[in-house]
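**Student:** One-letter residues, chain by chain:
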Amino acid sequence: MADDQKKGLSRRDFLKTTGIATGALVGGGLIGGLVGYNVNKDGVQRKSGTENAEDHDVTSVKGLMFFTNHADFNVLSQAVERIFPEDDLGPGAIGLGVPYFIDNQLAGNYGSNAREYMQGPFFAGEATQGYQSSLTRAEMFRQGIAKMEEEAQKRYQKPFVDLDGGQMDEIITSFQKNEVEMKGVSSEFFFRILRQATLEGAYADPIYNGNNNMDAWRMKGFPGHQFAYINMIEDEKFQKIEPKSISSMQH
Amino acid sequence: MAKTLDKVNVVTVGVGWMGGIIAAECAKAGLKVRGLERGKSRSTADYQMIHDEYRYAIRYELMQDLSKETITFRNHRKMRALPMRQLGSFLLGENLGGAGTHWNGHTFRFLPYDFQIKTMTEQKYGKNKLSSDYLLQDWGVTYDELEPYFDKFEKTAGISGEYTNPFAGKRSNDFPTPPMKRTPILKKFETAASSLGYHPYMLPSANLSEAYENPDGETIGACQYCGFCDRFGCEYGAKTSAEITVIPTAMKTGNFDVTFHANVVEVLKSGNKVTGVRYVDTQTGEEFIQPADVVVLTSYVMNNAKLLMVSKIGEQYNPDTGRGTLGKNYGYQILPGATGFFDEQMNVFMGAGALGMTIDDFNGDSFDHSDVDFIHGGSISLTQPGYRPIQTNPIQPDVPAWGAEFKKASIENFTRMLSIGGQGASMPHKENFMSLDPDYKDAYGVPLLQLTYNFTEQDRNMHKYLTDRIAEIMKEMGAKTVVPGNPISDYDIVPYQTTHNTGGTIMGTDPATSVVNTYLQHWDAENLFVVGAGNFPHNGGYNPTGTIGALAYRTAEAIQKYSKTGGSLV
Ligand SMILES: Cc1cc2nc3c(=O)[nH]c(=O)nc-3n(C[C@H](O)[C@H](O)[C@H](O)COP(=O)(O)OP(=O)(O)OC[C@H]3O[C@@H](n4cnc5c(N)ncnc54)[C@H](O)[C@@H]3O)c2cc1C
Ligand code: SF4
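Residue numbers (this note's numbering), protein chains in the order written: chain D, 1 to 251; chain W, 252 to 821.
These are computed hints drawn from the structure, not numbers from a lab.
Careful, some of the hints might be misleading.
As the list claims (entries may be wrong) - Just a few of them, taken from the derived set where beta-carbon distance is under 8 Å, the chain W residues facing chain D:
no., residue
1, Ala308
2, Leu342
3, Asp594
4, Met597
5, Ile744
6, Val745
Unchecked claim - Simulated pairs of lysine-lysine, DSSO-like, Cα-Cα distance not exceeding 30 Å:
no., chain 1, residue 1, chain 2, residue 2
7, W, Lys726, D, Lys240
8, W, Lys681, W, Lys715
9, W, Lys378, W, Lys659
10, W, Lys432, W, Lys406
11, W, Lys406, D, Lys237
12, D, Lys240, W, Lys812
13, W, Lys378, W, Lys421
14, W, Lys563, W, Lys403
15, W, Lys815, W, Lys520
16, D, Lys177, W, Lys659
17, W, Lys319, D, Lys244
18, D, Lys183, W, Lys329
19, D, Lys240, W, Lys438
20, D, Lys237, W, Lys329
21, W, Lys403, W, Lys279
22, D, Lys237, W, Lys726
23, W, Lys319, D, Lys183
24, W, Lys438, W, Lys715
25, W, Lys503, W, Lys812
26, D, Lys240, W, Lys432
27, W, Lys329, D, Lys177
28, D, Lys240, W, Lys731
Unchecked claim - Quick list of the computed label-pair ranges, beta carbon to beta carbon:
no., chain 1, residue 1, chain 2, residue 2, range
29, D, Ala107, W, Thr255, 41 to 51 Å
30, D, Tyr156, W, Thr535, 51 to 61 Å
31, D, Arg192, W, Ser292, 32 to 42 Å
32, D, Asn231, W, Ser383, 54 to 64 Å
33, W, Gln534, D, Ala107, 25 to 35 Å
34, D, Lys154, W, Glu538, 48 to 58 Å
It should be emphasised that the depicted structure is a prediction, and the values quoted were computed from it without experimental measurement.
We treat Cβ as the ideally placed atom computed from N, Cα and C, and that holds for glycine.
Using the sequences provided together with the hints, build the complete structure.
**Tutor:** Here's what the structure looks like:
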């Protein structure tokens with residue numbers, strides 16, 4: 001744990017000294033951009049290209065579609081990094097762009113529960129009956145992130161992003177154990193969707209603005225989109241295959 | 252005011268697997284058929300960019316839009332039923348091809364025992380093997396009577412398999428195409444199961460081992476083992492589904508058309524016949540009446556039952572009195588299993604939905620049940636479907652669910668984990684049923700279907716027994732850690748289990764205990780047919796579609812006969 005903490009702090013220190021930007025960076029704003037991407041002045045990220053078999057000069061801009069201030073986005077970024085931290089295997093949630101993934105998803109069908117049954121009346125129900133909140137995921141995240149900040153202030157009189165890793169974990173664990181009071185949703189449920197969204201952002205195809213440079217796939221030994229395995233599926237040997245994004249079918 | 256359209260001979264409500272079969276057979280025989288499908292059209296052209304786990308497997312792009320319609324659920328009658336607000340336990344289909352577009356393609360024939368379960372169980376174990384709360388009944392049709400129709404469905408679909416399972420019913424023909432590849436992962440299971448004295452065989456698959464032309468002249472491609480199968484459409488046209496077989500077959504005759512965005516809300520009945528259906532155009536909100544000589548419900552288990560209930564056709568089942576048949580015998584499936592963690596890395600991301608090996612040594616009545624406290628059992632399979640990284644984050648029980656340890660373990664285990672699963676049969680119980688929800692409505696103002704369901708004693712006992720057997724096989728396979736599935740307690744609608752819902756519109760030989768006769772013709776309306784796994788009086792130890800497919804072919808024949816002669820077919 002102590003090691004992790006140091007790493008977390010030193011990463012923040014690193015960012016403060018890079019001079020690319022301040023403040024916004026702490027939450028992982030551009031950390032994602034630093035892994036496997038070149039970041040030019042106007043924030044346009046360009047694939048470095050060499051490690052990619054099919055390089056068709058894709059440019060992409062990451063930005064916030066849901067959160068309206070850096071403070072909230074930074075809390076989200078630090079929380080997801082605790083859930084899926086950087087380690088010797090490779091980047092963590094921030095490095096993978098997970099905070100952008102979540103932000104962007106919250107601005108769309110996922111955040112508005114567009115394809116789910118949202119008619120009342122609403123009752124808490126039993127666990128076996130599943131999601132029964134009248135809140136959309138967007139509303140849950142907005143409240144949940146604010147609650148995380150509130151807990152940090154209450155417990156440590158500090159912003160969440162200034163806590164050390166162990167303190168952040170303590171707060172996240174309180175959510176997991178349903179010990180934090182939330183309105184219209186349990187903190188345990190918020191924790192569950194936060195965890196799930198983190199994994200989704202790490203491992204979804206990079207077209208969704210997470211899984212930067214397909215590094216999460218590389219860590220896991222998953223080759224992403226491949227046309228066929230018919231010629232290797234009988235091989236006894238484990239196959240290491242350079243991953244491909246589904247975007248290779250779209251350009 | 253609803254606008255009345257010109258009459259057709261046959262209307263199908265829904266155009267998925269079963270709607271497609273009925274349409275193809277009736278249209279080939281010269282009947283004018285119209286399919287009413289609430290969703291949109293789609294075809295292989297729409298699956299060319301489908302290797303996207305997030306969009307299709309996590310956000311369920313191909314499946315039912317629950318903002319329009321869902322079901323409500325409670326475990327028992329004292330619980331308040333609440334809507335299933337998100338998909339979870341089962342994934343309902345929508346759009347052309349229905350759930351068959353994104354199925355796996357495991358294509359089994361239920362066992363001879365299944366069709367005569369009551370008679371055979373009582374003969375061997377007496378009348379009191381199960382308590383009278385279990386509403387066991389024979390299906391009214393035997394395996395041998397259905398065999399030609401199994402054969403027909405398998406030929407249409409080109410099923411790949413091998414005829415070596417000693418517990419299966421007798422086949423008139425071998426499988427249309429050879430089995431899929433025996434991969435190193437499958438061989439591990441085969442070796443272990445054989446050395447324990449069991450009888451492994453290649454799982455019958457609708458992911459075809461080679462290109463095939465079916466008797467209707469439709470071609471199905473060869474599976475490329477792409478690993479994006481379950482929950483996805485096939486970009487190669489290699490996973491047999493309705494939209495690449497029976498639907499084009501029906502279209503070619505010139506006797507079939509489909510109206511899309513047509514959500515049927517009522518079956519219209521007059522005297523002992525139905526006259527057609529009423530539907531809402533979901534794009535305009537306009538209502539239409541589609542008159543037909545024959546109405547066929549092929550809208551999956553849930554809506555087949557719901558449409559009968561809202562149309563007041565048949566008597567609703569009452570668990571207090573045992574009277575009524577509509578909604579009775581809702582069944583599901585019991586899923587024992589074990590996970591094994593191995594030292595070596597394996598190509599788990601390669602695979603196909605129905606790539607697997609199976610044993611039936613603990614299915615049906617393959618083994619003696621005298622000393623166990625349950626009947627039936629389940630098939631046990633190891634499949635290699637192609638694991639994907641969002642859905643598959645395997646950790647040992649002592650690893651936390653997030654953080655540094657989680658990340659390490661889930662990444663390490665991803666390519667070192669295999670699992671074996673059973674599909675346990677589900678015995679009907681008097682407290683498990685479907686009815687109409689009194690409070691919640693769909694987007695068209697029609698009440699939602701209400702599900703009252705829980706696992707029972709029989710299920711828990713079977714689960715435990717099969718889990719133990721499965722864990723033994725996993726151990727024999729050389730896993731360094733074997734983690735057996737947790738015992739089941741209450742049914743939970745949240746985690747995905749299977750889309751093998753059954754019952755509610757059950758078939759039989761007696762109108763007092765069934766909704767339809769053995770030709771799936773409604774007892775109370777001779778020109779109304781109801782087709783789907785809802786016809787199963789209990790659920791067997793396999794995936795359902797092979798067996799529903801056989802029943803549908805038999806019904807298609809019956810509808811042609813009915814169109815000439817009229818009257819009850821029994
Ligand atoms: C992920 C997954 C994997 C599966 N794997 C297997 C497998 O390996 N083996 C197996 O045997 N089975 C499998 N199944 C189950 C299989 O898909 C179903 O048994 C099969 O599709 C049922 O066919 P059906 O025609 O009865 O229903 P469907 O194929 O679901 O078709 C019903 C159609 O009716 C339409 N409809 C519903 N209500 C209305 C209405 N009111 N008005 C108009 N149209 C309506 C729907 O939109 C849909 O198109 C799987 C299912 C899923 C979801
Ligand atoms: S695994 Fe085979 S059948 Fe399944 S989608 Fe891929 S190619 Fe098609």
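**Student:** If a hint holds in the structure, say so; if it does not, say that too.
**Tutor:** Verification of the supplied hints:
{"no.": "1", "hint": "Ala308", "result": "violated, 10 Å"}
{"no.": "2", "hint": "Leu342", "result": "violated, 12 Å"}
{"no.": "3", "hint": "Asp594", "result": "violated, 12 Å"}
{"no.": "4", "hint": "Met597", "result": "holds, 6 Å"}
{"no.": "5", "hint": "Ile744", "result": "holds, 5 Å"}
{"no.": "6", "hint": "Val745", "result": "holds, 4 Å"}
{"no.": "7", "hint": "Lys726/W to Lys240/D", "result": "holds, 27 Å"}
{"no.": "8", "hint": "Lys681/W to Lys715/W", "result": "holds, 22 Å"}
{"no.": "9", "hint": "Lys378/W to Lys659/W", "result": "violated, 54 Å"}
{"no.": "10", "hint": "Lys432/W to Lys406/W", "result": "holds, 20 Å"}
{"no.": "11", "hint": "Lys406/W to Lys237/D", "result": "violated, 36 Å"}
{"no.": "12", "hint": "Lys240/D to Lys812/W", "result": "violated, 58 Å"}
{"no.": "13", "hint": "Lys378/W to Lys421/W", "result": "holds, 28 Å"}
{"no.": "14", "hint": "Lys563/W to Lys403/W", "result": "violated, 34 Å"}
{"no.": "15", "hint": "Lys815/W to Lys520/W", "result": "holds, 21 Å"}
{"no.": "16", "hint": "Lys177/D to Lys659/W", "result": "holds, 23 Å"}
{"no.": "17", "hint": "Lys319/W to Lys244/D", "result": "violated, 36 Å"}
{"no.": "18", "hint": "Lys183/D to Lys329/W", "result": "holds, 27 Å"}
{"no.": "19", "hint": "Lys240/D to Lys438/W", "result": "holds, 21 Å"}
{"no.": "20", "hint": "Lys237/D to Lys329/W", "result": "violated, 55 Å"}
{"no.": "21", "hint": "Lys403/W to Lys279/W", "result": "holds, 15 Å"}
{"no.": "22", "hint": "Lys237/D to Lys726/W", "result": "holds, 22 Å"}
{"no.": "23", "hint": "Lys319/W to Lys183/D", "result": "holds, 26 Å"}
{"no.": "24", "hint": "Lys438/W to Lys715/W", "result": "holds, 26 Å"}
{"no.": "25", "hint": "Lys503/W to Lys812/W", "result": "holds, 22 Å"}
{"no.": "26", "hint": "Lys240/D to Lys432/W", "result": "holds, 21 Å"}
{"no.": "27", "hint": "Lys329/W to Lys177/D", "result": "holds, 28 Å"}
{"no.": "28", "hint": "Lys240/D to Lys731/W", "result": "holds, 23 Å"}
{"no.": "29", "hint": "Ala107/D to Thr255/W: 41 to 51 Å", "result": "holds, 45 Å"}
{"no.": "30", "hint": "Tyr156/D to Thr535/W: 51 to 61 Å", "result": "holds, 58 Å"}
{"no.": "31", "hint": "Arg192/D to Ser292/W: 32 to 42 Å", "result": "holds, 36 Å"}
{"no.": "32", "hint": "Asn231/D to Ser383/W: 54 to 64 Å", "result": "holds, 57 Å"}
{"no.": "33", "hint": "Gln534/W to Ala107/D: 25 to 35 Å", "result": "holds, 26 Å"}
{"no.": "34", "hint": "Lys154/D to Glu538/W: 48 to 58 Å", "result": "holds, 56 Å"}
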